[in-house]
Every structure is written in C-alpha cells, then in structure tokens.
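Chains A and B, in that order, are what the protein sequence lines are. First residue of the first sequence? That's 499 in the numbering used here, and the numbers climb one at a time after it. First residue of the second sequence? That's 499 in the numbering used here, and the numbers climb one at a time after it.
Hints are computed from structural coordinates only; laboratory data are not their basis. Quick caveat, the model's predicted, so the values are computed rather than measured. Be careful, since some hints might not be right.
Which copy is meant is left open, because identical chains are indistinguishable; a pair holds if it fits in one copy or across any two.
[What the hints assert, rightly or not] Capping the alpha-carbon separation at 20 Å, the derived lysine to any residue pairs in SDA-like fashion look like this:
1) K849 to S954
2) K849 to M1216
3) K543 to T1103
4) K1195 to E953
5) K858 to H827
6) K1054 to D1001
7) K793 to I639
8) K955 to K1195
9) K856 to K955
10) K856 to Y831
11) K857 to H827
12) K1195 to N832
13) K857 to M948
14) K857 to K955
15) K1195 to E952
16) K1234 to I935
17) K1007 to S862
18) K856 to D829
19) K657 to T1103
20) K657 to V680
21) K1195 to S954
22) K1210 to R1168
23) K1195 to V981
24) K1031 to W1209
25) K1031 to E761
26) K955 to Y890
27) K857 to S954
28) K686 to K1210
2 protein chains.
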Amino acid sequence: MELPIEGNELDEETNKRGAAEVMSPMFSPTRIKFPKHIHTDVDDKLQALADSILNRSQIGNEQVSRQVTAPFEVPEYPIEEKENRSYFERQFSHSTSSQTLTSPVERSRPSLLDEDVTPQEVKAELDEEIDLVPSFQKISISGEDFSGVPLKDLELASKSLVKALMIREKYMALSHQHFPRVTARFLKSLADREEFSKVKNSYSVGDKKSIEEFGPVSIKDHPIHPPLKHGDPFSIEMDESVGCSFKFVNGVVQVFQNEEALEKNEPIEWPYPDLDTYLDDQNLMYAFISDGPLKSFCYRRLSFLSYKFQLHGLLNEMKESASQKEVPHRDFYNIRKVDTHVHASSCMNQKHLLRFIKKKMKTSEDEVVCKDRNGKTLTLAEVFKSLNLTTYDLNVDMLDVHADRNTFHRFDKFNAKYNPIGESRLREIFIKTDNYINGKYFGHVIKEVMSDLEESKYQNAEYRLSIYGRSRDEWDKLAKWAVEHRVHSENVRWLVQIPRLYDVYHSNKLVKNFQEILENVFLPLFEATNNPKSHPELHAFLQYVTGFDSVDDESKSEHIVFDKDTPLPQDWKTEENPPYSFYLFYMYANITVLNMFRSGRGFSTFKFRPHCGEAGNVTHLLAGFMFAESIAHGLVLRKVPVLQYLFYLSQIGIAMSPLSNNSLFLNYHRNPLPEYFARGLNISLSTDDPLQFHFTKEPLMEEYSIAAQVWKLSTCDMCEISRNSVLQSGFPHLVKQHWLVS
Amino acid sequence: MELPIEGNELDEETNKRGAAEVMSPMFSPTRIKFPKHIHTDVDDKLQALADSILNRSQIGNEQVSRQVTAPFEVPEYPIEEKENRSYFERQFSHSTSSQTLTSPVERSRPSLLDEDVTPQEVKAELDEEIDLVPSFQKISISGEDFSGVPLKDLELASKSLVKALMIREKYMALSHQHFPRVTARFLKSLADREEFSKVKNSYSVGDKKSIEEFGPVSIKDHPIHPPLKHGDPFSIEMDESVGCSFKFVNGVVQVFQNEEALEKNEPIEWPYPDLDTYLDDQNLMYAFISDGPLKSFCYRRLSFLSYKFQLHGLLNEMKESASQKEVPHRDFYNIRKVDTHVHASSCMNQKHLLRFIKKKMKTSEDEVVCKDRNGKTLTLAEVFKSLNLTTYDLNVDMLDVHADRNTFHRFDKFNAKYNPIGESRLREIFIKTDNYINGKYFGHVIKEVMSDLEESKYQNAEYRLSIYGRSRDEWDKLAKWAVEHRVHSENVRWLVQIPRLYDVYHSNKLVKNFQEILENVFLPLFEATNNPKSHPELHAFLQYVTGFDSVDDESKSEHIVFDKDTPLPQDWKTEENPPYSFYLFYMYANITVLNMFRSGRGFSTFKFRPHCGEAGNVTHLLAGFMFAESIAHGLVLRKVPVLQYLFYLSQIGIAMSPLSNNSLFLNYHRNPLPEYFARGLNISLSTDDPLQFHFTKEPLMEEYSIAAQVWKLSTCDMCEISRNSVLQSGFPHLVKQHWLVS
C-alpha cells in the first residue's frame, strides 16, 4: 500500500511530479521506494559544470588549466593568462602602501616597542596604521552577551584578572622591566576606581627617567641597519666612585649613601622588594589559578582567541600574502631574527666543534692545555694520547654530544652530552671560560660562530654564560675572558645564567648558607656599579650583558613550599636545595635593587629572563609571571589556562625551543607553540643547544624551517615570530627600532 | 564477620602475620578492610633505594649524580668517573673491528651491491661479516607454527608471492634492471619445482655479460673516494655505425640487422616485450592484491617485521651506537648521500634563485634574453621594466615559488609555483634549457648548485631534465645545452623525465597519435646508439643519463582501463590521455629494447625510475612493481599490504620526499616513511623541489634533519638511509663501491 501524502512539507517541484515516492515516517508499516531522481533545469547546469571539471582534469582542450597540473617545466604555450592571477592579487593589496615592514599586518596584538612615544605620536601612528592595513575581512560578533559566562562570573573573573595584572605591573615597574603600554593604559583607567586603588597605590616608583633619556626618536627616515659602532667595543668611560656601601638584609642588598649611613643603618630610601608582600601576592595568585570559574573563563577566552585567529587566517590569507609581497626588497630571509635562547657552551653545532678540535690538534698540538689530577701539565697531543685517540679517528658519533632517543625525559643523560666523547677533559679544554688556558679555545670557537652570524647579517643571538656564585671572583674572571679574547660581536648579546646548585656547593663545603651565593653573585656587580674603576673589565663587559637567566632541571621534585616559615637566606644551611620560587625571588629582589642603583648612575639595567615552565610544578610559572620580563620554554602553560591568559594579556615573551623539547620533554607535534601563536601569545623561536640538536650550518633557520613545515606556518606567521624575537631580545632600544621600522 | 582464609594462595610472609585482612571475593556479603601494609626486610631495601633516588635528585651529597643534571657547563669537580660509561660502551663494541663503515650494523636486510661477487667471495664475505657484527641481543621465535595463519592459507599465500616475485624478476632481467641476489637465489631454488617452472621458463635472457664486464673488483684496499676523472667530461670515443634499422611494431621498437632485414621484416631475435603477456601478468597481479587471505597474511608479516625491528632497536640501540662510534673518522656528515629525486628546474632554493636573478640584472641587464609575442627582442632590463619591477624591489615573497597552505591537495596550484612572480616569462628566461638564450642562465644557476654540492663533498644528486616527445630534435637540443654550457659535475647524474601530456600535445595539434610521442622520445636514442657520429653531442651526454622518469599529477582520475580492447599507440587518436599503466608499459618496452641494443654495443643502459604511488589508483604501483627498478614517492603503498610486502621482498628502491608530501598530499607526521623503514623497505630521502619546499642552504641535510627530529631516527638509521640512497642511485657501480666499502 502506498501512502498518499499531503504535499505541504514537500517543495513544489517534487510535489508536482508524483509525490508518492517519498520516505514514510519510521513507524509506517508500509515500505516506500527510494525516491527517484527527478530531472530539473538546475541539474542540467550542474551537469555542465561537472563535465567542465572532468574536462579540465581529463582532456586538454583548455590549454591553461591542463598546463598548470604538470610537475615539471611546463611547455611553452602562452601562459601569460596567469598574469590574471597576479593582477587579482595586486588588486587585493591595492591600498597597501609600501611603508609596512617585517609584519606588515598588525594582527591586532598589543605593540611592544612603544616606550618612548608620546600620546600624540600614538594617535598619529594609529591614524596612519589604518591607512597601512589592507582592507581585511573582519569578523564582528554581535548580540547582548558574547562572553558566554554568567554576568556574575564575568565580573568576578575580570576583577581577578585585573588584580593579577596589577601585581605584575608593580613588579615590572619596580625592577625597570617592560610592561606593555596598551595593558598599562587600560589598568590606569581602572586605577581610580576604589576596589583597585589599594593594589595600585602600593607602588609608585616612577623612575621613568632612564627610559625617557632615549628621547623620542623619529623613526621615519631610518635605514634598517643601525649605525655601526667603531673602535674598541670594550673601551668605556670609567665613571668615578660614588662611595656607596652595601649590606645584605634578609637576602636583599640595601644601598647606603656612605660608610656613615651604613653605620647608622640608614639605607637610601628605595622601594626594596619585600618578602611579606611577595608572599601575600603569591597567595593571591595561587588562589586565582586554582579558581574553577576563572579557569573556565580563561579557557573560553583562549579558545575564542584561537578560533578568531583561524578564521582570520582563512579569510585573509591571500591578502596577508599579497601585502607581504608588496614590501619591496624585504622577505623572511633578510629581516632580523634573534635566537633568544642559546647556551654559549653549545652554540656551535656538533660538526663545527669536531672541526674545531681537529684544527687545534693540527695547529697547536704542543700547547699545554690542562693539568691532570696529579698537577702534571699536559699538551693537547698528550691529552689525545691519554684518551687513546688520533685526530683522524675522531668523528661526530664519537663526540657523542647529540641528543638521542635515550635523552627523552632524562635531563641527566642529556646533560652528560655536554662532555665530548663522554670525557670531561675535552669539555674542560674546549668549552669552558675558566680553565688552564683561560678559556682561549672556547673564546676562539665562539668567535667563529659569531663570524658566521655576522656573515648571515640578519641572524643574531643571545648566548648564556654561567656565573655559579661559588666565589667572589667569578665575574672578574668571566669579564677578563671576554675582554682578553675580544669575544664580542654586534650580532650577539650575553645573558648570565645562574644555576640553581646550592645543594652541590653546600655538600662540597664551598658555601655555608644560601646567603653566600647571593653575595658572590651580586656584590661584585654593586661594587662595579659603585666604582667602575675597581672592576674595569667587568664594567666594560657589562655593557653587553643584558640580563639574567636561572637554570636547572625543573622536573626534579620539590619538597619545600616557600612561605613565611621558610628560612631566610642567611639561615638556609640545610643540605636541601631551596625551591624554584625561592631562587627566583632573591634573584629578582637583588636585580631590582641593582637596577635602581645602575639606572640612577645612568648605567644599563638588567632583565630577568629565567628558564620557566619547561617541566615541573606550575608554581614556577607563577614566579615567572611576577618576576620575569620574559621566560624560556613555558611548556607547562598549556596546563594552566589562567596563567596562559595572563601571559597573553601582559604579552610576556616566551622563547620556545620545540626541537629541544622534542628531545627532552615533549614530542614535536604535541608542542603547544602553534596553539600559543594562534592565541596571540608573544612567542619566539630559539635553538637552546645547537650542539645537541641541530644538523645544518644554520641552526636558527633549521628551527624555523621545521616549525614552518610541520605546522604549516605562512611567511607572514614566520615574520611575526621573527619580530617577536627582536622585541623580546635585549638588544638596545635604538637598534631594535632600526631593525623593525624603516 | 571476617572470613578466615586458608593460606595456601598467600605467600608465607603474609600468612604468618595475620592473613585475615585480605580481600574477599566479590560475592562475599561481608566488608573486609583494605589490607594493611606489613613491614618486611625487602621493604627496608626498597626504602633505602627510594631514599637514594630521592637523594640523587634532591641532595647533592653525591657529587657526580647531582652534577649530571645541570643544563650548563658543569662545575669542575672531578667527573672523570664518567669514564666508566665510555669504558662500558667500549666493552660493548669490543668485538667490532674498525672495518665496517656507513652501516656497520647489518640489520639483516638483503644486500644490494652484489652483482659482481662470486659465490666464493660471498661465503668469505659472510664469514667475515660474522666477525664484524657486534654481539647483538637476538630475538628467536620458537614453537611449531609461527606464521599465525592456517597452513593452507600459508601455502597459498606463499605460492602467490613467489609467482609475483618471479614476474618481477622476469621484467627486470629482460630490461637489464636490478633484482636482489638473495631473493633471486631463493627463487632459483624453487624454479625446478613443477608448479613454478612455467613462469620461470618463459624468460631466459641471460645477457649477464655486460654486467660481468666489470669483473670482480677487490674492494679491500680502496679508499672511499673513487679516482677522479680528468679531462673533458664530454669527450668520448665515437664508435662506428653498426648499420641497424628500426621500426615500431605496435608501439615497440624492433631492431633489424640492416635495411635488407627490415624489408624482409626479420628483426633481430630478441625477447621483445609483448603486450599480451603483460596483460596476463597484470591480471594475475590484480588478483593477488585483492585476495583477502593474502592481504591479511602480508599485513601480518609486515607487522611482524616492524615489531621485530622495534624490539631490535630497544635491545641493541646502545650496541649499534657503540659500534658506530668505533668506526674511525666517519660519521653521518662524511658519508655519501644521494638526493635520489630532484627536479633540475627546482634544484636551487628560493633564496638562491632570487640572488641569481639579481646578479644577472647587475651584470647582464643589456643582454637580449627573449622575444615577446610580437617577435620583438627584449633585454633583461626591458623584461623587468615590462613587469614593472626593479632589482631592489624583488624579494622572496614576490618570487612566490614556495609551496604554502594553499597547495595542499592542489597539484595545479603547486605547479603554478614554478613561475617566479607568477610570470611565465621569468621562468622562460631563468629555468629552461630551450629558450632564446639556449638555456644559458639555467645552465649557470645549475652549475652554481653543483659547485655547492662539490664543496659539501659528500652530497650528490640526480636531477630530472624533461623530454616531452613533441618533436624529434628535443634530445639533440638538450644534449647541446649540456655540452655547450659544460653542465656537468661528478656529484650529479641526470634522469630524463617524460611528462604524461599526450592530451595537451594532441589538442594543440602537435601530435596525431600516441605513437608519435614514442617515436620522438625513442628514435633519436636508437639512432645515436646505432651510429654515435650521427648525434655526437647526444652520445656524449648519454654517459651521464642514468635513467628515465615518468611524471604528472597522479591524482587525476583515470577513466580508461588498460586491457585487450585498448587501442594500440598508432591507433590512439582520441583527445583523452592514456592511463598510467599504458604510458609505463610502452616506456618500459622501448627502454628494454634500447637496453638490449646498447648493452650489445657495450654502451651504458638505462634504469626506469618513475614517479609512482604519490597519489591516485593502486594500479600505478602494480605497473611500478613490474617495470620499475625503483620508484619515487610510493605513499599509496601504505594502503596495499600485498604490494608493500612484495616491495620489501624485492627491495625495490623508494625515493621518499616527506616535505614535498607534506605540502601536497600528506601531513608530515602521517607520512609512512618511519613505518616503511621499520619494516625494512628500501627507502631513501630526497628533496623533490628545494625551490618550493626548503629554507636552508643545504636542502638535503634539512630533509634529513627534519626526519631525524620528528621521527627520532638514530644516527645508525640515518646512515642506513644514506646507504640506501647510494644503492638506489644511478652512479656507476665502481663509484658506489668506493663510497660504500673502504
């Protein structure tokens, strides 16, 4: 039996030509035939279209379409028709002036290079920007409430976030570190409201002078290359002593005008960082990151950012690429990139180190290079003999410095890789600054790497050198090494890494308490700042040291919580290593005082850019959020949406090294970099340890290449990451301006 | 109520101290407490162990263990204890002599470099090999039936596989292409059995002479570098004509002793490939690959191979790495690698091409380089003017040759990338052999790439040049280009790629039927072989052409099945393009006859190494299995277990280009390369199109680097892949011997 159906739910066409053959509802007892195809005019058109598609892929009666599907030099029929395409693309970017550079497309992210621009300039700049940006497809979201959370939750979440941002702003301002202008302006607009006034009022350093000293620079007519520095890089004016004295009070240096003030215990009235305030702030932050509603709010916002970016990409890819093409002369290859995180002792690749060792064996085999355990001196040739090796034999596998499958999740194994041939002796001779030959070879090999960088012209790097804090003369020795061997390049700046090794020094009876490490690390710097002539080489070297790093295996378990009951540095005498936050707080506090002192004297200040969130507890990232201008790694952020969102809002730089992570902690295709990038976090690419990870002669390009290929980054994406790397770096502000704006 | 339990299922220790607190079975109505921890002596030991682990990661009272967890130069306490480790590793590889090279570890894969070794030598070699191989952990599988399939299935499967292998052996033998010795020996042992005799007897060419002409070479004392060739690479003895005549019979050339024989239609009695036999074989192969039980048998075998390899890796990684270290001087950087699949027109990277174009604009802007559509000649400067471009403006983005997100699954878009700035004119001028300036610039840029290869010393490449088959003089023009511009390097060999473009030529009225293409491609070669003096440049050029490639977009749909009803080449006059197998059969057939002719004259022969299985129908791979010595891509093999297993058994070379696939057909981390490798397929790494895909100056190293990082290949794996690439390549046998054995 066939059901006659009233046609009101069918479209007319179908209805007209025998509607009986339509599926019945499931419960109908009758079986109805599968609806037959009914021919319409539309079908004809579709058929014609289908035919033409088949034709195009099958039969070559249209030259052009067929031609473009050939994986070889295409035959020489006129394909000038292709010009249509480029014409189309040019149309797209018609409104783009050729002024924009590097990242012609402002993907609506907060600008970082903004310290010295007046509000008037900002407005002018913004007006101009509107001209520069091609007419993108834009996504507008309307409706009453698009946050997707109940209004009350939204209010609470916003308050928490604002408070957290104010906390960071405070710590950054105190320590002369960067906080983005857009966010600062927004916070300022809230500062007068009662509920925030308390947080806001608790700091008002306003030591803006040193920053404004640059003066507003007209950036319009600058060439991309900053003026070259001539003469001896280490010659510097030695200012007179200002006669200050210093004393550690509970682990933080206090500065006294003179001996007299010291005796009276009347330090200069600076806002010395204060442990109790920090602990309060820390507790507040703890509460924020574990607050359920805030977590889900931040997660939603992050997802929102990421979807928006994907949409933007889909809609505007062509336009971005077109306006990128419009920039004359510049492309990804000749814009500046900074390798924001490399350890000096592994900045050369394995092949390079091997070649260098072989070269030294050829040219200086009779040079005395070290002492053995009995105090007998050994020449390079004798060292090789003792290792039972000839130069010819030595190969990269024997060098055994490359990370391999066995290093995954084995930081200890990985670190053993720093010893070529598993021999500490070769490491001692070739990649140390402080050895029998005073780091001569290490200086040479770094200079070779530097000259490669200079040759590449657009690649720069920030190398980490170690200060351990075991003795008071480490700084002077390091500075002497750099000055003596002229280890300097305009493409390179230094960061100093302080390993978190109290427990090792203590068990070796090198230090009695934690305080001593702080003294060894910081007092020489205060002395050099007070009286440059007392440490002339150090003073000269410090021009090129742009910040501090804090390093060690973060994945080790920590048993101690840093709270009010934790012993102070002078009382920390146990065998155990203090926790991560403890290290960070005391480093931050002393850097802050040092920066106040140095900026007062008109000297350079230091940034704090620790390793943070490579592994281990999320509290590391909390400390990073409060103390660090930027961090290295930040992998763990993927597990903490609140912090991740705060990192976005305050545009904290994250120097990521996916190849390093791939060997140690996280497989390449699981790395959060592309996600962070889509969400607008301020990330850059860095190599970490070319000696251990990279294969080609251009480690940084290799890092970019792999990221671009695996994650399908566009040229525009890569330029944005390069730009981030410049902004995160410690190169002088003026130099960055040249690099980024032309 | 507590259940008293008889203690026979509990260990004594537990029983003794109150066994009552043990979980009851699920159905027991009573609730029993969670068993309490009972302290034992073992616990003490474990506790001590745990303490020591915690100590190691926490408290630094053991210097060494703490030290190795520091991500920086380790402080200078005595860490000579690390020597223990290297001692341990040396113990491992103690039995390894320093003879082995490149791949010191024979991972029990069939050897390919074996043509000219006598059985005695084989035995000697095998005996020696046992000495060379370190004592690996071995996996032995025992039990009666470990194939995991019913005996009947096993028998059937084996028969099918043997038949398939015999089919391939036949086609390889006929065409002077390689078939692995191990497999051949095994097949020989079966040949006498009745059921296989039919297949086996159907061929017996035995034209082994040309191969044995090399004579057994003592490979013991050879240095790794083959003797350099001096003098003009293109000077070659011009043999006299042998006066043969040629005629196409159903699309396959037949060779006649002389004009007279031609008139009598009495061709030389060679085993000319025969369409009917091929179609029969093809049908048999069709049946095999769709046979359910055979499919699952092959899939199981492949899984078995892959698990075995993983196990081998886990157990022997350390030993492999140790014996790799024992090889003096050699490492991954200084062993030979061949880029087995690169197109000449994209062999330079984008930065290189850009620099080259700019250089030419500087040095030769007044050179006339092309004619416009009206026949007016244009200088380089005029061309740039017509494009509205200055040299300074030009950047890599504008060049627009790099593959991007838009090329994925868009072969047509990808191919448009061959036109710099989307302008066919620049392509015409800079990357073509046959243009107004006779390919001068293209010759120059290729020579620059070649000189980079020579400088790297260990990198080699096989570039593809195009012959289209549109006219009879293409070969002579190409040879003239190479000879005139001296485009030659000892690091490079050529393959000639024939695009499958009949439909384009036909619709442009360049050819009337398919036969004409075959004539244009093959007759010049027969003529040059018959009488070198008639084509002197071609004869000289052919020394360096090692084989043929077949190229086009495989993903286009094919409507026509190649069977007995398919028109013969002379009758193929329709607009439609013939199917893939049709192209391959006629190329194979004519290459086969050509090789018979050339080997008879003592000239070099050609390999057939088409693009195959990049996309499209699995039948492409069937044709590849029968006709090709090796193939490029082979991605589709992952869907055809029977063929994949046959590719393993016959060790057919597969030149894979995961970066190219990543941009066109398959995301990087889904590429089957690591799986193929683990299963023992003979794969190599190649770049395909550095112009489109690569970023650094060393594209091949970049390709290896990414593969090594993403798939965590060991150095040993990478050396094995390099070795495969040498074996797959068309470099002379003697040269390969030098490269692989020292």
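Tested hints:
1. In this assembly of identical chains, K849 and S954 lie within 20 Å of each other by CA distance both inside one copy and across copies; the values are 18 Å within and 13 Å between.
2. Only between protomers do K849 and M1216 lie at most 20 Å apart by alpha-carbon distance; the minimum there is 16 Å, versus 27 Å within a single protomer.
3. In this homomeric assembly, K543 and T1103 never come within 20 Å of each other (Cα to Cα): the closest approach is 72 Å inside a single copy and 53 Å across copies.
4. Taking the closest pair of Cα atoms, K1195 and E953 come within 20 Å of each other both inside a single copy (12 Å) and across two copies (14 Å).
5. Only between protomers do K858 and H827 lie at most 20 Å apart by alpha-carbon distance; the minimum there is 16 Å, versus 41 Å within a single protomer.
6. For a Cα distance limit of 20 Å, the shortest separation of K1054 from D1001 inside one copy, 13 Å, qualifies, whereas the shortest one across copies, 66 Å, does not.
7. Proximity of K793 to I639 under the C-alpha cut-off of 20 Å is found in neither arrangement, the shortest distances being 23 Å within a copy and 53 Å between copies.
8. Proximity of K955 and K1195 under a CA criterion of 20 Å is satisfied in both settings, with 15 Å inside one chain copy and 15 Å between copies.
9. Taking the closest pair of Cα atoms, K856 and K955 come within 20 Å of each other only across two copies (18 Å); inside a single copy the shortest separation is 27 Å, beyond that limit.
10. With identical chains, the CA atoms of K856 and Y831 are at most 20 Å apart between copies only, with a shortest distance of 15 Å across copies and 32 Å within one.
11. Taking the shortest alpha-carbon separations for K857 and H827, only the inter-copy value of 14 Å comes in at or below 20 Å, while the best intra-copy value is 39 Å.
12. Taking the closest pair of Cα atoms, K1195 and N832 come within 20 Å of each other both inside a single copy (17 Å) and across two copies (14 Å).
13. In the homo-oligomer, the alpha carbons of K857 and M948 lie at most 20 Å apart inside one protomer (18 Å), although the nearest pairing across protomers, at 27 Å, exceeds that limit.
14. For the homomeric pair K857 and K955, the shortest alpha-carbon distance between copies (19 Å) is at most 20 Å, but the shortest distance inside one copy (26 Å) is not.
15. Both within a single protomer and between protomers do K1195 and E952 lie at most 20 Å apart by alpha-carbon distance, with minima of 14 Å and 16 Å respectively.
16. When the C-alpha separation of K1234 and I935 is checked against a cutoff of 20 Å, the pair qualifies neither within a copy, at 36 Å, nor between copies, at 45 Å.
17. Proximity of K1007 and S862 under a CA criterion of 20 Å is satisfied in neither setting, with 37 Å inside one chain copy and 72 Å between copies.
18. Only between protomers do K856 and D829 lie at most 20 Å apart by alpha-carbon distance; the minimum there is 14 Å, versus 38 Å within a single protomer.
19. For the homomeric pair K657 and T1103, neither the shortest alpha-carbon distance inside one copy (33 Å) nor that between copies (79 Å) is at most 20 Å.
20. Proximity of K657 and V680 under a CA criterion of 20 Å is satisfied intra-copy only: 18 Å inside one chain copy versus 75 Å between copies.
21. Taking the shortest alpha-carbon separations for K1195 and S954, both the intra-copy value of 11 Å and the inter-copy value of 11 Å come in at or below 20 Å.
22. In this homomeric assembly, K1210 and R1168 come within 20 Å of each other (Cα to Cα) both inside a single copy, at 14 Å, and across copies, at 14 Å.
23. Taking identical chains as interchangeable, the C-alpha atoms of K1195 and V981 are never at most 20 Å apart, the minima being 27 Å within one chain and 34 Å between chains.
24. In this homomeric assembly, K1031 and W1209 never come within 20 Å of each other (Cα to Cα): the closest approach is 52 Å inside a single copy and 55 Å across copies.
25. Taking the shortest Cα distances, K1031 and E761 never come within 20 Å of each other, neither inside one copy (25 Å) nor across copies (104 Å).
26. In this homomeric assembly, K955 and Y890 come within 20 Å of each other (Cα to Cα) only across copies, at 17 Å, whereas the closest approach inside a single copy is 34 Å.
27. In the homo-oligomer, the alpha carbons of K857 and S954 lie at most 20 Å apart only across protomers (18 Å), although the nearest pairing inside one protomer, at 23 Å, exceeds that limit.
28. Within a single copy, K686 and K1210 get their C-alpha atoms no closer than 39 Å, and across copies no closer than 50 Å, so neither meets the 20 Å cut-off.
When the structure is compared with the earlier hints, violations turn up for hints 3, 7, 16, 17, 19, 23, 24, 25, 28 and for no others.
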